[in-house]
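Student: Could you put the whole structure together from the sequences, leaning on the hints where they help?
Protein chains: 2
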Amino acid sequence: MDKNFIFHQLFEKETSTYTYLLGDQKTKEAVLIDPVVEMVDRDLKLIEDLGLKLKYVLDTHVHADHITASGEIRKRTNAKVGLSSAYDMACPDLHLEDGQEIQFGNYTIKVIHTPGHTSGCLSYSIGGMVFTGDALLIRGCGRTDFQEGSSERLFQSVRDKLFSLADETIVYPGHDYKGFTKSSIGLEKKLNPRLKLENSKEQFCEIMNNLKLSYPKKIQEAVPANLLCGLPFKSEILNTGFVDGIPTVTAEDVYTKLGHVKVIDVRGSDEYNNELGHIQNAELSTLGPKLDKRLDGEDKNNEVVFVCRSGKRSGEATRMALNKGFEKVYNLQGGMLRWNELHFPIERDMGGS
Amino acid sequence: MDKNFIFHQLFEKETSTYTYLLGDQKTKEAVLIDPVVEMVDRDLKLIEDLGLKLKYVLDTHVHADHITASGEIRKRTNAKVGLSSAYDMACPDLHLEDGQEIQFGNYTIKVIHTPGHTSGCLSYSIGGMVFTGDALLIRGCGRTDFQEGSSERLFQSVRDKLFSLADETIVYPGHDYKGFTKSSIGLEKKLNPRLKLENSKEQFCEIMNNLKLSYPKKIQEAVPANLLCGLPFKSEILNTGFVDGIPTVTAEDVYTKLGHVKVIDVRGSDEYNNELGHIQNAELSTLGPKLDKRLDGEDKNNEVVFVCRSGKRSGEATRMALNKGFEKVYNLQGGMLRWNELHFPIERDMGGS
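Protein chains in written order, with this note's numbering: chain U, 1 to 353; chain S, 1 to 353.
By construction, these hints were calculated from the structure, which means they are not laboratory data.
The C-beta atom is built at its ideal place from N, Cα and C for all residues, glycine as well.
Check before you lean on any hint, since a few could be wrong.
[What the hints assert, rightly or not] Straight-line C-alpha distance at most 25 angstroms; calculated BS3-like pairs for lysine-lysine: (1) Lys312(S) - Lys178(U); (2) Lys178(U) - Lys53(S); (3) Lys312(S) - Lys293(S); (4) Lys26(U) - Lys189(S).
[To be verified] So, partial list: chain S residues that the calculated Cβ filter (under 8 angstroms) puts toward chain U: (5) Phe5; (6) Gln9; (7) Phe11; (8) Lys13; (9) Met39; (10) Asp49; (11) Lys53; (12) Ile126; (13) His175; (14) Lys178; (15) Gly179; (16) Leu191.
Tutor: What follows is the structure, encoded as C-alpha cells:
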C-alpha cells in the first residue's frame with residue numbers, strides 16, 4: 001500500500017480479538033473491521049487522534065465470543081454497518097455479497113464470502129492483506145459446530161477462495177490466542193495443521209469433528225446482541241431475553257406486568273376474538289401494512305410486546321419494529337397458545353374489533 | 001524494507017509484552033528482540049517454521065516485570081545475547097554501546113542508548129522502525145522510579161534521540177496495555193500525554209514523580225533472574241535467593257546442609273585460621289588467579305557456596321563462577337561474620353593451609 005494508507009491492528013485481551021483500522025491519510029475516510037464493544041472508547045479516540053472520519057464498520061461475521069461495537073459506533077459516528085447478506089439480518093446498513101467492493105478514500109476493499117465457521121462469514125481483502133475473521137486463523141481456523149457452521153464449507157472457503165490469493169498476502173485474523181499478530185497465505189498453506197495443502201477435505205472434517213470444544217463463555221449474550229449489531233439490550237419493565245435473535249418475553253412476565261406495558265396483537269381480526277381470545281387491553285393491529293403504519297405513529301422509546309397465535313408472526317412484527325429503530329420491543333414467547341396453557345385471563349369482545 | 005525482510009510482532013498476554021522477530025529471507029539470519037521466558041517454545045517454533053537461524057537475542061533492558069528468554073534461547077540455539085554495556089553484567093555476549101551497529105543477513109540494526117527507565121535501556125532502529133522497549137510506549141513511557149531510573153535522563157533520551165528520528169518512523173514498544181500494536185514518532189510527538197513536544201522537562205518530571213505506581217508483581221523474581229539473562233535459577237540442595245543480583249544462600253541453610261555441599265573460602269590464607277575460623281571442610285582458594293584456576297578444574301554442574309569475611313569477596317567469586325558458566329553457585333550471605341554471630345561451629349587448623 002502507498003504511504004497514505006493508514007493501518008492499525010488493535011487487540012482486546014479478554015477474548016483475544018483483533019480489530020483493524022484502515023484509513024486514507026488524504027481523504028481521511030476510514031473503515032473499522034470487527035470492533036469490540038468494550039473497546040469503543042479506545043477505537044474512537046484513535047480515529048479522532050488520527051483525524052479520520054469513519055465511513056464503515058465491517059464485521060467479518062456474527063461473533064459468538066464477544067459483542068460487536070458496530071451498533072454503538074454507528075450511533076456515535078453515523079458510520080454505516082456492513083455484514084453478510086447471508087444472515088438476512090435487519091440491523092446492518094450494508095448487506096454484503098461475495099465480490100462486492102467497498103470504497104473508502106482512494107482504497108477498495110473486496111468482499112469474499114468465506115462461510116463455514118458461520119453461514120455469513122466474510123473475509124475482506126485489500127492491497128496484499130486479507131482480514132479473515134474466524135475463517136482462517138494463524139495455524140488454525142474457527143470452529144464449525146454452531147451458527148450454521150459446516151466443516152465442508154469452511155474447507156472450500158479456505159482452499160478455493162483464501163488460498164487462491166497470492167502466497168505473500170498477509171493474513172490478519174479475527175483472533176489469536178498465542179500472541180501471533182499476522183501470518184501469510186503461503187505460510188498457512190504450509191503450516192496450518194488443519195488446512196495445509198497436504199490435508200484432504202476428509203482429514204480436515206475428521207479434525208473438526210473431534211475438537212470437542214466447550215461453548216464460548218459469552219455465547220448466550222453475544223450472539224443475540226450481535227444480531228442487533230451489539231446494541232445494548234434495553235428493557236425497563238419486562239424481564240426479557242433472546243430467542244433466535246429476537247428479543248423475547250415470557251407470558252408469565254407479561255401477565256405480572258399487565259397494565260404497565262403496551263401489548264399489540266398482530267393476528268387477523270377474525271382471530272382476535274376466537275377461542276384463544278386476546279389479552280386484556282391488547283391492541284389489534286394485523287401484521288402487514290396495517291401494523292407498518294401503526295408503528296410509524298408509535299413513540300420509538302415505548303416498550304411494546306407483540307403477540308400472535310404461536311409467536312411466529314409476532315416475531316416478524318418485533319423484527320419489523322427493530323428495523324424501524326425501536327429498541328424496546330419484544331415477542332411474547334408461545335403467543336396466545338402459551339397464554340391459554342397457563343390459564344391467564346383472556347377477553348373476547350363478541351362485537352369484534 | 002525490501003521484500004526479503006521478515007518481521008513478526010509477538011505478544012505475551014500476562015505482562016502485555018511484545019517480542020519482535022526480524023529476519024532475512026535470503027540469508028536466513030534472524031534477530032529476536034525482548035523474548036519472554038514463558039514463550040520460548042512458541043518463538044523457537046516460529047523461527048524453525050520460517051527456516052531461520054537465530055543470530056542474536058537482544059534485550060532492550062533488564063526487565064522488571066517478566067523474565068527474559070535470552071539465556072534459555074542462547075542455550076538452545078547458540079544465538080549471542082546482547083544487552084547494554086551500561087549494566088556491566090556478566091551474562092551477555094555483546095555489551096552494546098550507543099551508535100553500535102548489529103548486522104544480520106543484509107540488514108543492520110543501530111543501537112541507540114535511551115536511558116531513563118533504567119540506566120541501560122537501549123532502543124534498536126532499523127529501516128523506518130524503532131524498537132523502543134520501555135523508553136517510549138504508545139502514549140506513555142516506562143516508569144523511572146527504580147533500577148537507576150531518572151525522569152530527566154528519560155526526557156533527554158526521548159526528546160534528543162528518539163524524537164530526532166523521522167516522523168514516519170514506526171514505533172514498536174516493549175509493552176502495550178490497551179491493545180495498541182504500534183505508533184509513530186510523529187504521533188507520539190503530538191499525542192504522548194507525557195512526552196509530547198508541548199510539554200517541558202519540568203512538566204514531564206512532575207508527571208513522572210506523581211505516578212504512585214505499585215511495584216511490578218514479578219520484580220523480586222524478574223530483576224535478579226534477568227541479571228543472569230533469565231536463566232532458570234537452579235539449586236538442588238540449598239534454599240537460595242538473590243541479593244543485589246547475586247545468587248545467595250543464608251548461613252542457616254548452609255549449616256543444615258554441611259557435608260552435602262561444597263564450600264569454597266575465598267579469603268586470604270592468613271584469614272582462614274584467624275579468630276573467625278573457617279567452616280568445616282571449607283576449601284581455601286583465595287579470590288584472584290588462584291580461584292580462577294581452581295574453578296577451571298571444577299565440574300560446572302556442582303553446587304558450590306562461596307564464603308569470605310562479610311560476603312563481599314565471595315559475591316565477586318560467585319559472579320566470576322557465573323561468568324565461567326556455573327549455574328549453581330551461591331554467595332554465603334554475611335560471610336564468616338554472620339556464621340560466628342549464629343554460633344555455628346568453626347575450625348581453626350593451627351598449622352595453617
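Student: If a hint holds in the structure, say so; if it doesn't, say that too.
Tutor: Against the structure, the hints:
| no. | hint | verdict |
| --- | --- | --- |
| 1 | Lys312(S) - Lys178(U) | violated, 44 angstroms |
| 2 | Lys178(U) - Lys53(S) | holds, 22 angstroms |
| 3 | Lys312(S) - Lys293(S) | holds, 20 angstroms |
| 4 | Lys26(U) - Lys189(S) | holds, 20 angstroms |
| 5 | Phe5 | violated, 12 angstroms |
| 6 | Gln9 | holds, 5 angstroms |
| 7 | Phe11 | holds, 4 angstroms |
| 8 | Lys13 | holds, 6 angstroms |
| 9 | Met39 | holds, 7 angstroms |
| 10 | Asp49 | holds, 5 angstroms |
| 11 | Lys53 | violated, 18 angstroms |
| 12 | Ile126 | violated, 18 angstroms |
| 13 | His175 | violated, 12 angstroms |
| 14 | Lys178 | holds, 6 angstroms |
| 15 | Gly179 | holds, 4 angstroms |
| 16 | Leu191 | holds, 5 angstroms |
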